Amino acid sequence: MALRHDARRGALLMLGATALFTLMGALVKLVGDRIHFLEIMFFRSVLALPVVLLIVARLGQGVRLRTQRLPQHVGRALTGTMAMSCAFFSLTVLPLAEQTALTFTTPLFVTLLAIPFLGERVGIHRFSAVLLGFGGILVIALGQGAFQGSINPWIALGMSIAVLHGVFSAMTTLLVRSLSATESSTTIVTWQSILMTCFTGLALPFVWVTPTPWEFLLLLGVGLVGGIAQVMLTEAYASAQVSSLGAYSYTGILWAVLLGWIFFGDTPGIATFVGAGLIVLAALYIMQREMRRGVKR
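Residue 297 in the working numbering is what sits at position 288 of the sequence shown, and the numbering runs on without skipping anything.
Please keep in mind that the hints were generated in silico from the structure rather than gathered at the bench.
Remember, predicted model here, so these are calculated numbers, not experimental data.
Please note that the accuracy of each hint is not assured.
Cβ-Cβ distance ranges computed for the label pairs, FRET-style [said to hold, decoys possible]: (1) G274 to A165: 18 to 24 Å; (2) L229 to S189: 31 to 37 Å; (3) L21 to A66: 19 to 25 Å; (4) L166 to V131: 25 to 31 Å; (5) G210 to L290: 36 to 42 Å; (6) C207 to G286: 38 to 44 Å; (7) L267 to I160: 24 to 30 Å; (8) R75 to W270: 46 to 52 Å; (9) T191 to L267: 41 to 47 Å; (10) R18 to P125: 35 to 41 Å; (11) L229 to R17: 30 to 36 Å; (12) R130 to L79: 27 to 33 Å; (13) A212 to W163: 18 to 24 Å; (14) R18 to Q297: 20 to 26 Å.
From the three backbone atoms N, C-alpha and C, an ideal C-beta is built for every residue, glycine too.
Full structure from sequences and hints, please.
Rendered as structure tokens:
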């Protein structure tokens with residue numbers, strides 16, 4: 010599959026993938042009332058395997074599992090599993106819009122973790138953006154009643170876990186950067202899918218709840234919608250530069266507000282919009298600084 014260098018196509022595919030990933034989150038929230046989030050993760054992971062193999066086949070590279078860096082692949086799959094666990098659990102307890110906004114914190118933690126893991130120096134500009142992003146988290150927390158003694162303990166836990174998703178997602182990003190120096194993207198993705206399916210499968214006997222026919226359809230929807238979104242995301246990255254597409258992913262907050270209202274009757278308060286705006290602004294500024302630094306190298 011050759012790079013098509015079609016910025017418009019890439020933007021449309023990224024917008025579509027973002028909308029579908031948000032829809033997947035809504036489906037997770039719908040089925041998460043009774044089905045354990047680890048069971049939902051298993052269905053998501055196992056149904057992603059055929060999608061990944063389809064992508065690899067389209068790339069014409071074949072399934073390449075041979076590697077000399079298996080421990081790093083295992084570490085990447087572990088952090089990816091933890092990130093998905095945090096996302097799926099927080100979806101079961103938080104309103105969709107708030108959960109989506111809080112999972113946008115990955116660039117903030119990538120910036121911070123790059124200091125000890127990669128030895129990078131973070132200047133005043135990026136560090137200020139990180140502080141701005143964390144300010145957005147506090148605004149959302151205040152809107153939920155934090156620091157006023159009125160916040161629901163489950164909401165507080167869900168918000169903490171949603172932010173923790175950013176930590177594990179950032180660790181995953183840094184591990185992928187390291188693996189990319191010697192491994193092809195198809196090898197990384199294939200190992201990720203196989204190992205994450207195994208990890209969630211190991212937990213399945215301990216959390217299994219037999220789904221009703223309706224719940225089973227929702228679980229299939231999680232896997233199908235997530236798989237299609239994954240294909241669209243891959244096609245988007247094959248059509249345009251990654252740096253030019255990142256901003257479109259933040260349309261997810263708009264979809265989260267709409268789907269949260271349609272499916273759950275949630276109406277986010279002003280604090281959610283202000284906090285989400287601060288987080289997105291910080292992430293976009295960090296992205297812009299990274300692009301500038303990449304040009305100078």
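Range hint compliance [Cβ, C207 to G286, 38 to 44 Å]: The hinted range 38 to 44 Å holds for C207 and G286, with Cβ atoms some 39 Å apart.
Distance restraint hint 35 to 41 Å, applied to the beta-carbon atoms of R18 and P125: holds, 39 Å
Cβ distance range 18 to 24 Å for A212 and W163, holds or violated: Roughly 21 Å apart at Cβ, these two residues keep to the hinted range, so it holds.
S189 and L229 - C-beta distance against the hinted 31 to 37 Å: holds, 33 Å
46 to 52 Å as the expected CB spacing between W270 and R75, which holds or is violated: Holds - the Cβ-Cβ distance for R75 and W270, about 49 Å, lies within 46 to 52 Å.
Range hint 30 to 36 Å (beta carbons of L229 and R17) holds or violated: holds, 32 Å
Distance restraint hint 18 to 24 Å, applied to the beta-carbon atoms of G274 and A165: holds, 22 Å
Range hint 25 to 31 Å (beta carbons of L166 and V131) holds or violated: holds, 30 Å
L21 paired with A66, Cβ distance criterion 19 to 25 Å: holds, 24 Å
Hint check for Q297 and R18 - Cβ pair distance inside 20 to 26 Å: holds, 23 Å
CB-CB spacing for L267 and T191 relative to the 41 to 47 Å hint: Between T191 and L267, where Cβ atoms are some 42 Å apart, the hint holds.
Outcome of range test on Cβ distance (L267, I160; 24 to 30 Å): holds, 25 Å
Against the hints set out earlier in the document, no violation occurs for any number.
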